[in-house]
Amino acid sequence: MRGGGLTLSDNTFILITGRTIKQGMASVSGKKSDNYKKETSYVEVSQNVLDRLNIEEGEAVILKSEAGSIEVICKAADLEEDIVFMPYGPTANTLIGTDTGGTGMPNSKSNVVRLIRKEAQTN
Amino acid sequence: MTELKTFKNITCTFCGALCDNIEVKVKDNKIEELKNACAISRKKYEHALKDRTVPMINGEETTYQKVIEKAAEILKNSKNPLIYGLSSTTAEAQKNAVKLAELTGANIDSTSSVCHGPGTMAKQLVGMVTATLGEIKNRSDLMVFWGANPVEAHPNHSKRYTMLAEGLFKKNRSDREVIVFDVRKTPTAKMADQFIRVEPGKDFELLMALRMMINGKEPESKNGKIAGLDLAEIEAAAEKLKSANYGSIFYGMGLTMTGAKYMNTWAAMSLIRDLNNDQQRRFVMMPMRGHGNVAGSEITMAWQTGYPFAVNFSKAYPRYNPGEYTAVDLLANKEVDAAFIIASDPMGNLPKKAAAHLKDIPTIILDPHWNFTSDFADVVIPSALKGITASGTVYRMDHVPLHLRAFLEDEWPNDEEAVAEIGELIENA
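Protein chains in written order, with our numbering: chain A, 1 to 123; chain B, 1 to 429.
Keep in mind that a hint or two might mislead.
Claimed, not checked - Simulated crosslink set (DMTMM-like; lysine to aspartate or glutamate; CA at most 25 angstroms straight-line):
1) A/Lys22 to B/Glu177
2) B/Lys353 to A/Asp34
3) B/Lys137 to B/Asp51
4) B/Lys225 to A/Asp10
5) B/Lys190 to A/Asp10
6) B/Lys43 to A/Glu39
7) B/Lys353 to A/Glu66
8) A/Lys37 to B/Asp51
Derived from the structure by calculation, the hints contain no laboratory data.
All values derive from a computational prediction rather than experimental measurement.
The shape of chain A in the complex, shown without the other chains:
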């Protein structure tokens, strides 16, 4: 089953947020810089998923979770089809909810998000 027991439909995925080397380099070079925004404002998606959803690499997509919604550029990546990946940062944190399950830790690697073509959203 896609999603480790979570029920995922064709356009829902588990959002994995995490570190990238470029995000790390940008975070110590000025948090308010355009480069930091660029390195933290995209989503990586499996090429198979992009093909299935008829999305081109570099296209803007909408990601929605229970906590919020963002518009980001998508990149093709070597990922399984049940996950999408975003670098840590304020853009990804818009999608992360505040429930910590009594631990203090939000679900920064287990949030379900819906991926929608921007075109489909505006139509």
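The hints should help you fit chain B onto chain A, whose structure is shown.
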């Protein structure tokens, strides 16, 4: 013009690996040359003297003394303040922050609560068998990275301590077997001998299956799979673990940020105990600590209060409760009425809906650089740069304390002094 001066064995404070072999050449209070720094560290040093904060109250520039006084006033008048951050400052500043929390009846929490805090909760339940990075470098013949990607988060870790390090008995990459468990094939996974893809959110099940197999039991599964893996694949991984002489497991946020939270690390720590039941075998584990002194934040808090993070002083004695006194919960539940952020950027790093409360309450930030939190903070206190213009103590991810040396001059005092001065103003008011 001054002469070029060389400083050797400088410690980089970016990540928990705390590389202490940085060489800098300095002239006219500027870094002219850098050696041994990783890609992130190099950027950190290049940017160190740029983008610096200045004393500000409500967006107006003022004097350093005025911002210290304003911070003391806000904390003194608060009924339930939050002191948060701490993982990118020195142990001396952390100690003073605990004293300030006691003085003001505050909640005090570090970024550990959104990092390895769940792993620390597991340590309290089951204990963790660990070692220094030097010991692992010298002896470990099987290295496991579980939900951790040091190639991108701790770029020199593999060269100095693990896969590629030259140890006393283990000399190079071919002397060590490396396995990566992860939900995606990270750059670290690409360096491993074996990448085992775990179904998202199923780390606990896989760890428990490994425990059962190591203890000679057979886990059951209706479809013959656990965590997306055939039982035979899990059995093969269990055999590899059993055949190690000195195994080491480095774990990352892949275990702490997923659904089972501290139960994942509880299972991993229990696996280590099971593996150590055979006297012929040694296994140790270690969290891949992110911020430079986040390990120190837990050590200092535990030494000062008895608890590693999520501490509340409203009753004048320390109480500990993750999920209640942790920053995300306190902010999301709008329970705090003022915040003192020390060397951190919660507006950038916490869930947006939690961080939003900081805009509704008086917020003080103590940080050398501008960030998303200083953008709207009521009070901005500039500070010296840890390990560059300020000295102090930091703890590496294996809990080895290292002394930071200052090699440049700064116009602003360090965090330790700033926090102490705020405390003194409140105490003597």
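Quick rundown of the hints versus the structure:
no. : hint                : in the structure
1   : A/Lys22 to B/Glu177 : violated (28 angstroms)
2   : B/Lys353 to A/Asp34 : holds (23 angstroms)
3   : B/Lys137 to B/Asp51 : violated (38 angstroms)
4   : B/Lys225 to A/Asp10 : holds (23 angstroms)
5   : B/Lys190 to A/Asp10 : violated (29 angstroms)
6   : B/Lys43 to A/Glu39  : holds (15 angstroms)
7   : B/Lys353 to A/Glu66 : holds (11 angstroms)
8   : A/Lys37 to B/Asp51  : holds (16 angstroms)
Comparing the model with each earlier hint shows violations of hints 1, 3 and 5; every other hint is respected.
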